[in-house]
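Here this note's numbering is used: position 105 in the sequence shown is 105, and no number is missing along the way.
Everything labelled a hint here was simulated from the structure, so no lab data went into it.
Predicted model, so just to flag it, every value in this text is computed and none were measured.
Worth double-checking, as some hints may not be accurate.
[Unchecked claim] Keeping only pairs whose Cα atoms sit at most 16 Å apart, straight-line, the calculated EDC-like set for lysine to aspartate or glutamate is:
#	residue 1	residue 2
1	K71	E12
2	K13	D3
3	K80	E12
4	K169	E61
5	K225	E212
6	K180	E161
7	K252	D110
8	K194	D209
9	K172	D261
10	K225	E161
11	K225	E122
12	K180	D119
13	K194	E137
14	K194	D110
15	K180	D126
16	K97	D110
17	K103	E161
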Amino acid sequence: MVDSFLQYIQYEKRCSPHTLTSYQTDLLQFTQFLDTVYECKTPEAAIFPMIRSWIVSLVEEKRTPTSVNRKIATLRTFFKFLLRRNIISHDPMLKVKALKVNKALPQFVDEQSLNQLLDTFEFTDDFAGTRDKLVMELLYGSGMRLAEMISLQESDVSTYEQTIKVTGKRNKQRIIPISKRLIDLINTYIQSKKNTFFNNHSSFLIVTDQGETIYPMMVYRIVRKYLDLATTVEKRSPHVLRHTFATHLLNKGADLNAIKDLLGHSSLAATQVYTHNSLEKLKTIFEQAHPKA
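Throw the hints in and build the complete structure from the sequences for me.
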């Protein structure tokens, strides 16, 4: 039934390849545990004590609460699928509770440091330099996710309307307005790409030095390379630029609901985490400015 479940979340739920891989990995680990400890060959035959035992083993392996909770979420989805298909008559996950997680505030780059990097750093004027600058400007200028940027097509950019059409989680599409400066950079980059790969002009917007669709690890390397020059924040990843986009907008007075729509969040709860960073800034301003602080 695992194969049927994976097909269900791929074709009916339209989960991303990354999510599909996570589900597949979690269920494989769960199946191996059942077979090794309980000689249970099929995960659909698992009962609550078996599931609880697996969760305890994950904790004992020093897995983070976030990692364990993701695996719990996988099992919840899997057993709900079995219940709907009448494969099982009782959901063994009903008694399972998620682990408590200490929520860390999203890390972000301060506005002055990032603007100084993007405005004054001299990227090389060849294709690679133009591409690297576009990667940095796109992630910070739109707040899109890594996977969303990788899947961008040239046709998703509207020069006239100054927007980008982004396909997010579960194939939900949203339109993000971008600056005239970013539009100009995209046009410069596309022309450079045509000149560099005139015999193999990919429809994907961001490509490697060989003209192939860019891959996650390369984007990580690009972002880390340039953020190393601008910040000392612990995490220097593409997602940090997404956090930075949201935090800077909120600090400038943008409406939280508008930021939610720009980020493609399904609920406001996911966006509200950025208010904590703004509150910290307000506290600092208060302590510096108020005579009774």
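* Hint numbers contradicted by this structure -> 1, 4, 5, 10, 13, 14, 15, 16 and 17
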